[in-house]
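Fit chain S to the known structure of chain D by using the hints.
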Amino acid sequence: MNSEQIIAKLKQYPVAAVGLVLTLVLAVVYYLRMPVLPELRDTFDNYEKQVEQINQNKKNSVDLDAHLKQANEIVSNIEKRLIDPDASIANSGYFLRLREESAINFGSGTVPKPSYFDVDDKKNKNDARATKVYAQMEYKLKLEGELAKVLDFIYRLKTGHHLFVVDSISISPEGQITDGDGNNNEENLAGATISVRVLAKSESGEKKT
Amino acid sequence: MAAKHKNVSFPNWHPNFTIQATLPDVKVVRTGFLVNFVALTFPVLLIGLILVDWMDAQGLQQQIETRKQLLEGAIVENKKNVEKSKEFDIAAAKLNDVEGFLSGNLDELEVIVAIAESRPKAIALNNISYSEMQKKVGKKMVLAPRITLRGVLKGTSADEVSMLDEYKATLKNLPVFAGILDDVTLPEPTQDIDKDLSRFSITIDLKAADE
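These protein sequences, in sequence, are chains D and S. 36 is the number that my numbering gives to position 36 of the first sequence; each next residue is one higher, with no gaps. 150 is the number that my numbering gives to position 150 of the second sequence; each next residue is one higher, with no gaps.
Keep in mind the hints are simulated off the structure, nothing from the lab. Beta carbons: idealized from backbone N, C-alpha and C, even for Gly. Each hint should be verified, as a subset may be incorrect.
[Claimed, not checked] Chain D side only, calculated, beta carbon under 10 Å to chain S, not exhaustive:
id, residue
1, K58
2, R129
3, K158
4, V165
[What the hints assert, rightly or not] Using 30 Å as the maximum straight-line C-alpha spacing, the simulated BS3-like pairs for lysine-lysine come out as follows:
id, chain 1, residue 1, chain 2, residue 2
5, D, K69, S, K84
6, S, K84, D, K201
7, S, K172, S, K136
8, D, K69, S, K80
9, S, K139, D, K11
10, D, K80, S, K86
11, S, K136, D, K140
12, D, K132, S, K68
13, S, K135, D, K142
14, D, K201, S, K139
15, D, K49, S, K80
16, D, K158, S, K172
17, D, K58, S, K86
18, D, K113, S, K135
19, S, K68, S, K86
20, D, K69, D, K201
21, S, K86, D, K69
22, S, K136, S, K207
23, S, K27, D, K132
24, S, K136, D, K158
25, S, K84, D, K49
26, S, K140, S, K207
27, D, K149, S, K172
28, S, K139, D, K132
29, S, K135, D, K140
30, S, K140, D, K158
31, D, K158, S, K135
32, D, K132, S, K80
Chain D on its own, in the form it takes in the complex (with noise of 0.2 Å):
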């Protein structure tokens, strides 16, 4: 078919011809619209999901504001009863008053130096109560003294101030008893191995949080 034919074939349907124009114009419209759609679904979906952030924050938000107070008021409080690693004239001050609260003796006379693990002490990773934000500081004492009153010593450190944890507690009467009657005096008197740990100040964890 060559163009005259073409062009007469237009003429013999003239209504047709403007219908393929038409379309051919339309269906470049379409084209050109094709992306807007899944482009403006994306932008919904984004700020649906914002909103539904939001929506999700505000009812997780309810009592957030009461909840905050009371937990940082526990912080605080947990805080203020940290053992301050560099202050060891204070520390050993603190035994020393436990000591005398409960009449006891230590072993060695005086409170031995402490050992204290920060919170990226690889010896206090693999421990059960290793801790992340808090460092730790363990004292092994030597305790001499009325069993009731060395008891009475290791409950005042469990309840008193710092917050100490009992890792291990070793007690023996003071000589040797060979009979059971329980009438002898010093079967009362007991010496004690007791290795305690205690929540310190931490600087790198300070620093973490």
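Chain S only, in chain D's frame:
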């Protein structure tokens, strides 16, 4: 008259079927109608598609505007909430740290006192030791308390030594171990015939707090 008739030419009274273009369109539905119908159907369909597309886009645009306004109104409050939540997370991490550090299911002093009070008169305890054994439960390290008693029993005869089994049973039934007792072991005591004493060691293993 005959010559006059010869000069007049008449068209053929029937169509020439060899020239297709000159044949009349006698179909029930005319070709012109079909061509126009088909040619107009496509633009109409395309117009419909574009209209639906445009209406969808308008609807989405409206919804986007609504959400934009919602976000603008809530963004300040949300920022405050997120900041508070972060602050709470920091405080919670500290509290969890302390909780983990102080965790345990046992009051060591209560246990020591209970053991000391449960001791029969024929038995003297030379040492009570309390320690915590680390063990793995799943992927977590936990502390399982262990109490070891070392002592002596007056006498070496079978009857006298059987008292240790009774003491073991007494220890097992101490209320302070209710629900947390794992195992009590009593190895064969060593006998000191000269002093008429049996030396023994009892190990009490308790369950970890998380077991």
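30 Å Cα cutoff - pair K201 (chain D), K139 (chain S): holds (28 Å)
30 Å limit on alpha-carbon distance, applied to hinted pair K172 (chain S) and K136 (chain S): The given pair, whose Cα atoms are some 25 Å apart, holds under the 30 Å limit.
K58 (chain D) as chain S interface residue, shortest Cβ-Cβ below 10 Å: holds (7 Å)
Given pair status - K135 (chain S), K158 (chain D), alpha carbons within 30 Å: With Cα atoms ~24 Å apart, K158 (chain D) and K135 (chain S) stay inside 30 Å; holds.
Distance restraint between K139 (chain S) and K132 (chain D), which requires alpha-carbon spacing of 30 Å or less: holds (17 Å)
Given pair status - K142 (chain D), K135 (chain S), alpha carbons within 30 Å: holds (27 Å)
Pairwise hint evaluation, K80 (chain S) against K132 (chain D), where the allowed Cα distance is 30 Å at most: Measuring from Cα to Cα gives roughly 27 Å; hence the hint holds.
Given pair status - K172 (chain S), K149 (chain D), alpha carbons within 30 Å: Between K149 (chain D) and K172 (chain S) the Cα gap is close to 27 Å, so the pair holds against 30 Å.
Hinted pair K27 (chain S) and K132 (chain D), Cα distance within 30 Å: violated (92 Å)
Restraint status (C-alpha distance of K158 (chain D) to K172 (chain S) at most 30 Å): holds (26 Å)
30 Å Cα cutoff - pair K69 (chain D), K201 (chain D): holds (22 Å)
Pairwise hint evaluation, K140 (chain D) against K136 (chain S), where the allowed Cα distance is 30 Å at most: holds (25 Å)
Hints 9, 12, 23 from the list above are not met by this structure, while the remaining hints are.
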